[in-house]
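Chemist: One line per chain: the protein sequences are L and P, in this order.
For the first sequence, the numbering used here assigns the number 1 to the initial residue and increments by one for each residue that follows.
For the second sequence, the numbering used here assigns the number 1 to the initial residue and increments by one for each residue that follows.
Take every hint as true, because none was put in to throw you off.
Heads up, simulated DMTMM-like pairs for lysine to aspartate or glutamate below, C-alpha to C-alpha not over 25 Å straight-line: (1) 18/L with 395/P; (2) 6/L with 288/P; (3) 6/L with 290/P; (4) 6/L with 362/P; (5) 6/L with 333/P; (6) 6/L with 347/P; (7) 18/L with 290/P; (8) 6/L with 364/P; (9) 330/P with 288/P; (10) 18/L with 223/P.
Pair ranges (Cβ atoms, derived): (11) 400/P with 43/L: 44 to 52 Å; (12) 43/L with 393/P: 31 to 39 Å; (13) 393/P with 4/L: 24 to 32 Å; (14) 57/L with 351/P: 21 to 29 Å; (15) 32/L with 393/P: 36 to 44 Å; (16) 12/L with 153/P: 43 to 51 Å; (17) 4/L with 367/P: 17 to 25 Å; (18) 14/P with 7/L: 49 to 57 Å; (19) 192/P with 12/L: 53 to 61 Å; (20) 335/P with 52/L: 31 to 39 Å; (21) 32/L with 380/P: 56 to 64 Å; (22) 22/L with 115/P: 17 to 25 Å.
Derived from the structure by calculation, the hints contain no laboratory data.
Backbone N, C-alpha and C define an ideal beta-carbon position, used for all residues, glycine too.
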Amino acid sequence: MTPIVKQVGANRIVRGVKIPNPWGVPTLPEDENMRITTRILTEALTLLQTDVSEPTIVSPRI
Amino acid sequence: MRLNMGSFKIKNIKFGTNTALDGATLIINKDELIAEILAEEKVIKNVDIELTHPGENCRIIHVMDAVEPRVKIEGGDSTYPGIKTPVYRCGGGTTYRMDGVAVITTSLLPLRKAGGLYIAREGILDLAGPNSGHTPFSKTSNVVVNISVDPNYTEEEYEVAIRNAGILAARYLAQALVDKQPDYFTEYSISEKKPGLKNVVYINQIESCGLFGRNYLYGMPYDFLLPTLIHPNEFLDGALVNSLHSHTAVQIPTYYQTNNPVIEGLFKRHGKTLNFLGVILLRAQFEEIDGKHRCANLVAGMAQLLGADGVVATWECAGNSFVETMFYLKACENMGIKTVLITYENEITEKAEDALFYFEPEVDAIVSTGVLQAPITYPKVDRVIGGDEFRFHPERGGVLLPADQELERDGRLESWCACNNVGLTNLSLDDF
Chain L
1 MTPIVKQVGA NRIVRGVKIP NPWGVPTLPE DENMRITTRI LTEALTLLQT DVSEPTIVSP
61 RI
Chain P
1 MRLNMGSFKI KNIKFGTNTA LDGATLIINK DELIAEILAE EKVIKNVDIE LTHPGENCRI
61 IHVMDAVEPR VKIEGGDSTY PGIKTPVYRC GGGTTYRMDG VAVITTSLLP LRKAGGLYIA
121 REGILDLAGP NSGHTPFSKT SNVVVNISVD PNYTEEEYEV AIRNAGILAA RYLAQALVDK
181 QPDYFTEYSI SEKKPGLKNV VYINQIESCG LFGRNYLYGM PYDFLLPTLI HPNEFLDGAL
241 VNSLHSHTAV QIPTYYQTNN PVIEGLFKRH GKTLNFLGVI LLRAQFEEID GKHRCANLVA
301 GMAQLLGADG VVATWECAGN SFVETMFYLK ACENMGIKTV LITYENEITE KAEDALFYFE
361 PEVDAIVSTG VLQAPITYPK VDRVIGGDEF RFHPERGGVL LPADQELERD GRLESWCACN
421 NVGLTNLSLD DF
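Only chain P is shown next, with the shape it has when bound in the complex (with noise of 0.2 Å):
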């Protein structure tokens, strides 16, 4: 399967009267962007659209999600197959994206419950000031989709219509694209193996595991599914969409994996000094011992089976999802696969004696994306987007604190993004 995928470079986005491409400037028709949403989402009472650019003195908060517009030119009928669209195997063909762009999808839900895992958190997003490094969105252009739901559904109902309310008004701006010549084109195809090379595969971790805390395969929920292989190329036709809302330092939005970081490594390296054999996917958070074991044994016997000589692995999300991680690896050394982890670290104390929570010491090549509990300070902005006040702490009903002041939070559990295992972020430390 090969891909062609056509990049334009976009510079500047602005409001106007008919959605299209203007040289390096993409114009937005803001009623019909909008109308595009609420015609296909009866849970969302309302949507306004903002738009933000390069290095403005602006945060986002209540983060949702951030999807890149692309659009299928060749080879399929959409994007993001199977959110709304019929199914098939994309990542073939040729495709058309954004290059500069994000859509950055927001609420506010309802607070129904107090704590918990199926809870939707907290997630800050600053675009200037000490935190803009954490993610790329402080260089794009991004068109930000407020929603506000309707108070009289579920919050499953909630969870699907945010979900479908990002890819929607990412594929809408991506019809700008279409009978346009794209700035540069990058292939991408892992069919030529060379002979020699060493065999790697890239072990993606999702969670999965309920409400505000999912994957969707092709629009599937992964929640209770086994581990499964995926042709690298699937990912940047948007096969895997995220909904994880529960633990916002760790998400792994949709963006992140259609510009994942490893795959694109993994590519560029391919017939060079690697061959890139392809993607096993697996959600962890298995409840039983039993169920973590079958898990992990499934994804190392798939490694072993493509015949990989190394993985890099890494994972979403926090808690004992990471206990099933740390199997799998153990479990690939003792085959004779060399493994390497990118994971965040947690904080050490005088309570909290080890980094990970828990490990095996047949991994010890682990590359470190930050530290969870590491102090951060929100700095005084001149524009919030999304809302007027942060809501920490749903297990006291809701803290609320000006968005637009200066705040100190001892750990960046609401940071979005900061602790993101795939390692999009613009920053980086040297250990003297």
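Just chain L, same shape as in the assembly (with noise of 0.2 Å):
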């Protein structure tokens, strides 16, 4: 969904997993599944306090 979030005009997008769950992978393991959502959030936070001078985008590692 980044194309539309792009479109819209944010600055600074993170990739999320998937439409129905983008903070994680409900199948795996629970803890397997904050690791990722944690990793997630991190790379947002640290997007946060980044200079852009365009529309961004990060791709955690899933």
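Hints in hand, dock the two standalone chains.
Modeler: Listed below in structure tokens is the structure:
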């Protein structure tokens, strides 16, 4: 869904997992799921502190 | 493959002792039709049949699907193959159809979920008044099959049973056409291509993402399947059957695929102003960006391999399915294939500044089939079929309102097929 987000005008975009579950993979065991969620959140917070000059997309390692 | 379609102009329908065709009147044995449905579908507790006549002051609610009675005379055992009948490649030989009759199924299903995707929502069909132009059914004689399901079954079983009921009823009625002489014949073939004409492919995007949001190809749910290539004749014999109940305003019911105006229009022009190459069938709404690119690239790739100079595209339902649509149309344009898209629009407001929630600038030839959020008034009616009350807002537990009284809504999400993208409607707009 990043193309839509970019078109709408967001400048800092973090790529999630999937449309029904952007923050994790619910079929995985809970601790692995939480690792993915933490990684996505950390990338988001890092991006928030970063200066950007144009719409920027980061893709956390899932 | 050549299909000879014999059409019967039916002007009237009524109940009688034996299901038969009497001139331009279809007589229906009500008990036999009910028994036919109940025998095959244990999930259905009760069936009632009601008839409507063209222009009658009447409203049908809880609408599920519409199916045209068609019967296979030669070249196959049955229409709508794969639905309780063996699969074979349909679209050849001879088929008879009723011109002017529709089976319309209705059902108020038990409310088991609050909202989201996999839920059946209200569908309202007005046969007279200001909304009667939305669908062709204000001009047809309709056999309305009101279905009550047994509450002890699952929603998946309800979806299949209701789908089957419409098809079984349509097939049963069409039996009256066998051994009779049609009023007119139409021949469908794309075998002879005229050199020098432009080649056109129709991209028929359907929705199939799960419960109450399905299409069936030869009886197989199209969920998770990749794009494929189909001969347009196959649609005429009912290869594609619809069970999309979650977004009733943008549903493309079974009737709209057997009578698909884009397919009809391309057939008419085949060999005269263009060559109709075939139909690419796909479902979208893949859940990751990779899935969307995968699907869209296959669609554009197929169009290119076929040798298309241009494509006409329609899509069904709403939401992120449209991202694939834009992706494949953009890919086609970049390959030098000209594209035309037929779609409904969203209302432009302060919060939503674009008519299409996603777009690619290469896609610049678009036909609009209406605005989904346009206000609508359902006037007072004399007769309501399918129930007594509208059931709106399942996310609030179901808001019930009397179905025969005047009602103003600020969007037409519940107006059945009001914004369908194949454009089977009797309304048009002049913009000054």
